[in-house]
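For the record, the sequence lines run as chains U and Y. The first sequence begins at 1 in the working numbering and counts up by one. The second sequence begins at 320 in the working numbering and counts up by one.
Simulated from the structure, these hints should not be mistaken for lab results. Treat the hints with care, since some could be wrong.
[To be verified] Output of the computed footprint for chain Y on chain U, the stretches with three or more beta carbons under 8 Å from beta carbons of chain Y:
no.: 1; region: 57 to 71
no.: 2; region: 144 to 153
no.: 3; region: 241 to 253
[As the list claims (entries may be wrong)] Taking lysine-lysine and the DSS-like style, the derived pairs with C-alpha atoms no more than 30 Å apart in a straight line are:
no.: 4; chain 1: Y; residue 1: Lys712; chain 2: U; residue 2: Lys276
no.: 5; chain 1: U; residue 1: Lys254; chain 2: Y; residue 2: Lys712
no.: 6; chain 1: Y; residue 1: Lys950; chain 2: U; residue 2: Lys254
no.: 7; chain 1: U; residue 1: Lys279; chain 2: Y; residue 2: Lys950
Glycine included, each C-beta is placed from N, C-alpha and C at the ideal position.
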Amino acid sequence: MSVLVYLEHADGAVDEPSLQAATLARSLAGDHAPQALVASDTVPLGLGGPLPVATVYVAAHEAFGSYAPRAVAEAIVELAERQEATAVVGPGTERGNEVLAHVAAILDLPLAANCIAASTTDDGAEVTRVRWGGSLLEHARIHAPRTLLTVQPHAIPADTDAPAPPAIESFTPSLSAAALARRVVERVGAATGGISLADAKVVVSGGRGAGSAEGFAPVEELAALLGAAVGCSRAVTMAGWRPHTDQVGQTGTKIAPDLYIACGISGATQHMAGCKGAKRILAINSDRDAPILASADYAVIGDMHEILPAISAAIRAAS
Amino acid sequence: MSTALSAVVLLAVVAVAGFLFLRRAHLLYRVVRLGKPAGRTGEVGRRARAEATIVLGQRKLLQRLGPGLMHAFIFWGFLVLFPTIVMAFLAAVDRDWTLSWLGHQGWFFLVVDVFCMLVLVGVAAGFLIRKVQRPARFEGSHLGEADLILGLIALIVTTLLLWHATQIALGLNEWPAGWSPVSNALSGLFGDGDTTEALERVFVWLHVLTILGFLVYLPYSKHLHIATAGINVWFGRTRARGRLEPLDFEVEDEASLRLGSGTLVDMTWKQMLDTMSCTECGRCQDVCPAWATGKALSPKLLIMGLRDRLFAEGPAVLAGGEPTPLVPGAVTDEVVWDCVTCGACVRECPVSIEHVDHIVDLRRQLVMAEARFPAEAEPMLRDVGRSSNPWGKAQSERASWADGLDVRVLEPGDPAPEILYWVGCAASFDERARATARATASLMLKAGLEVAILGPRESCTGDPARRMGDEYTFQTQAQKNVATLDDAGVTRVVTSCPHCFNTLGNEYPDFGGSYEVTHHSELLSELIRDGRLDPPAGIDAITYHDSCYLARHNDVLAAPREIVSRIGRPLEMARSGKRTFCCGAGGAHMWMEERGSAINEARVREAAETGAGTLAVACPFCTMMLDDGVKQSGEELRVADVAVLLAEALDRS
């Protein structure tokens, strides 16, 4: 049983979903630790810390300096065939799913995306995967000479208790011209800069209660102190106080922070659909009957223009 | 000219004019035949009635009295004057020829003179409207063309009067001259000498040649509507204005799968005929909430854009050429997505153009074939299919509005309920709209009715997905819901949502689901009438906002007003009833970002102008949109559903 895991990384730091993918890959690898592939344009790549794999093959190519899904897929296919891998596992991130979809297309094999459990069978594998945005678990059998799957991010814990760091080997994949045609050539940062709304651990948002574009000053002040991203409600973007990129809601950005501070936001259904992933919601609102209070974990009834500066002052005093 | 020579010349002119007309007409006919099937057969009675009222009776035109009368005078005038055309053609050959019986009837010539004057009044009014009044609805129309046509009409009628005048002067009239007040008076201008003899020939020939010129010009101009409008009205919708034509996904081969309108050959023949019937009057543009709030969409310009594309590409396609995409070639993406499907344009149109069907077909192509639509609406489309509601809420929370109320949640296998309360997603999940569900259910209980709901088994009807163009998701939802309702043995449904009301009642029959569907306002007004609910009279001024899908699409006007007038002092907005102005949420706009000024604010300002303190609604989406509009505009109004207001009134008693 030889299992190959595709690991995503940022400058050598393997991300959490990839570690989770490697963890699940072990359940397909039997007694052998899985092998892994990372794609990089810099060799040697300093992979920090232990990983739950035996060997990491660094596919080295200048194309891997940016995101090049088809090229990565060709490298994976080349290594999988060389290692006679019976399974290829990747993280079920947007990019991981895309890369593995390319692998599946090249090999003309089925791909099971977003798995949370897997085991081998006589003619393939049996998997449990997440369907319909988490509302359904599907048990499925894959009949294929080589099992291809991705692992649902943040569904299983990553095992980082590896006995020793893996061996690192590099190889140069032979990539087709077509594979190199599609890659990121330029990155343009969002106009607002700062912390990305979608990934922020803390988000401070203002609603109609902010009163004006200038009314966001205390929101921005608190966000800066907390290292948080600034968001807003649809009413605010409708009024033209903030750009649409700042909108939290079903028609804007969906967020999943540890803490969401919603100031002067009534909590329309379309807004709540965008922040339902928040672990904790603190609502600051002058209206005791605002719908958001039904979903908030903590609430302060009062004017955000008085309460926010007070919180900011308290944080400054404490630090 | 001798009779024989005149006959030869006239026949030659008629032959040339006839050839030019028929050549163009044949081309247009072949273009329309490129169109896809549209049904529209049968129901002859309803079609004849539409023809009688909308065409002959000018019903839609007379919705605007001034311009309506202007048009009616000209239209009725030409109907009456038709025999004089035959008479003129005969007399052009030989001045002594006329129709054997009618040509001698004095009363007919009285009618002719009266209608000639009415046509001239109509033409004068037409010029007055276009040159002096200059209403905004003409923005973007071909104004020069209209001037030419009005001029031609005036020329036809004037030459007729002058011809009759010279006939009387020469004693050629076979009818008593006294019956023709105008022509008789005009005859005083002419002697009985050679000049008049020559003028009589000039006028009759000018009359005949103008008519033939008009005939040739017609099919090349927007005035084509004279030929097409009557046909278009005949093939118009006969019932259920809120119903969209389903797409057939169960086709044998993929090539015959029609996913809305991609190019002109995907349009139905009725849609093609629609574009050829438009006379650019702009009544649709005038009532369009998108246009009124500065958006790109004008229903008139949409139809004109499609027509121009049809005329530009149709002949080439007939010759074997490839048609090009309608969006963005003929219509921009923006225009397609601006529509709220309120149907104001369709209701206003005097020639039965069905603008909303065009829009939905363009959307269907963009959504299902190209996945090209406003990105912010994508979660809604996904959530309708995946979570059974458009906000991705947990279905387990669907019935939580009913906590503490004696509401029966139907489990599979339970006995069939007498009435099923279909709550709808908005009233199930939105905090503001839940008040409507609570009020409706508690009023039903108070009146001694059992309240049964499907709870977590109720699923979005698919309406927002369908109006967005995602017909596939809609049909999946429709099939699922019909199965659930039929399993539960449901025959009678009460719903709080006009969109569910329209979909369940008008659209589910296409998927095998036939239920008697009632809106909660209808049920509640019935309970008041029966004395089972007896609210005290109130004095608060209340203005009621008609939901498009209740009033315009489904004729529910009286029931909510009965409730309002029972519990308060009703005040009507300028635009109400079937001419209501949308709240801005229709056509899936609840889940799209709005460009330009906000429709809901415009409507709230209109409501505030009545001086009422309460804005009553009967739709959970209107509740949300208008409540937002109140907050945005800073008006002092309370937005509440008629059910909520009724429940409060009963609590006070």
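Comparing the hints with the structure gives:
1. 57 to 71: Coverage by chain Y is violated here, the residue count being 0 at a Cβ distance below 8 Å.
2. 144 to 153: Our answer is that it is violated, as 0 residues pass the Cβ test (under 8 Å) against chain Y, missing three.
3. 241 to 253: Per the Cβ count (4), the hint holds.
4. Lys712/Y to Lys276/U: holds, 9 Å
5. Lys254/U to Lys712/Y: Between Lys254/U and Lys712/Y the Cα gap is close to 14 Å, so the pair holds against 30 Å.
6. Lys950/Y to Lys254/U: This hinted pair holds, its Cα atoms lying about 24 Å apart.
7. Lys279/U to Lys950/Y: Judged against 30 Å, a Cα distance of about 29 Å means the pair holds.
Of the numbered hints given earlier, the model fails hints 1, 2; all others are met.
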